[in-house]
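Enquirer: Sequence:
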Amino acid sequence: MTLTRRDATKLALASAGAVALPRVAEARSNRAWARRLTKDMNRRLARGCDGRFSVTAFGQARRSDGQYHFAAIIRLDWPPGFRTRRYDGIKATENDAYDDLLAQALKHFRHAWPGCVT
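In terms of our numbering, the sequence shown is residues 133 to 250.
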């Protein structure tokens with residue numbers, strides 16, 4: 133059996149796609165965490181407050197000591213304008229790191245807009 137130029141091209145593209153697959157899976161996971169964070173933050177806004185949270189960037193990593201590190205840049209659009217800040221959550225499990233990140237963000241925004249962020 134001989135390898136044609138077309139077969140060689142298909143093989144090269146398939147092997148390149150296999151290397152990129154973990155990055156695609158990680159990107160989907162980051163998008164899912166960012167959507168969850170956005171929904172959880174927006175649920176904490178009181179009725180009648182004209183504001184909205186959005187996650188502009190989200191990343192996660194596993195540190196050398198085995199702990200999970202979540203980082204997010206969260207933006208609050210509210211009547212005076214907007215406020216953006218980065219938050220980090222570092223804990224032993226993914227869910228604990230997420231909860232730590234959410235608690236830090238809510239604490240900060242609660243001080244910034246006390247009547248509306250619960």
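Hints in this document: simulated from the structure, not taken from any laboratory. Predicted model only: the values in this text are computed from it and were never measured. There may be inaccurate statements among the hints.
Stated by the list, open to error - Once the Cα atoms are required to be at most 20 angstroms apart in a straight line, the calculated SDA-like pairs of lysine to any residue come out as:
(1) Lys-171 x Ala-224
(2) Lys-239 x Cys-181
(3) Lys-171 x Gln-236
(4) Lys-223 x Trp-245
(5) Lys-239 x Thr-188
(6) Lys-171 x Ile-205
(7) Lys-223 x Gln-236
(8) Lys-171 x Asp-232
(9) Lys-171 x Ala-203
(10) Lys-239 x Trp-210
(11) Lys-171 x Gly-198
(12) Lys-223 x Trp-210
(13) Lys-239 x Asp-197
(14) Lys-171 x Leu-234
(15) Lys-239 x Arg-175
(16) Lys-239 x Arg-195
(17) Lys-239 x Thr-250
(18) Lys-239 x Thr-216
(19) Lys-171 x Gln-199
Enquirer: State for each hint whether it applies.
Expert: Each hint tested on the structure:
no.	hint	verdict
1	Lys-171 x Ala-224	23 angstroms, violated
2	Lys-239 x Cys-181	17 angstroms, holds
3	Lys-171 x Gln-236	16 angstroms, holds
4	Lys-223 x Trp-245	27 angstroms, violated
5	Lys-239 x Thr-188	19 angstroms, holds
6	Lys-171 x Ile-205	15 angstroms, holds
7	Lys-223 x Gln-236	13 angstroms, holds
8	Lys-171 x Asp-232	16 angstroms, holds
9	Lys-171 x Ala-203	17 angstroms, holds
10	Lys-239 x Trp-210	17 angstroms, holds
11	Lys-171 x Gly-198	28 angstroms, violated
12	Lys-223 x Trp-210	31 angstroms, violated
13	Lys-239 x Asp-197	27 angstroms, violated
14	Lys-171 x Leu-234	11 angstroms, holds
15	Lys-239 x Arg-175	15 angstroms, holds
16	Lys-239 x Arg-195	25 angstroms, violated
17	Lys-239 x Thr-250	9 angstroms, holds
18	Lys-239 x Thr-216	14 angstroms, holds
19	Lys-171 x Gln-199	25 angstroms, violated
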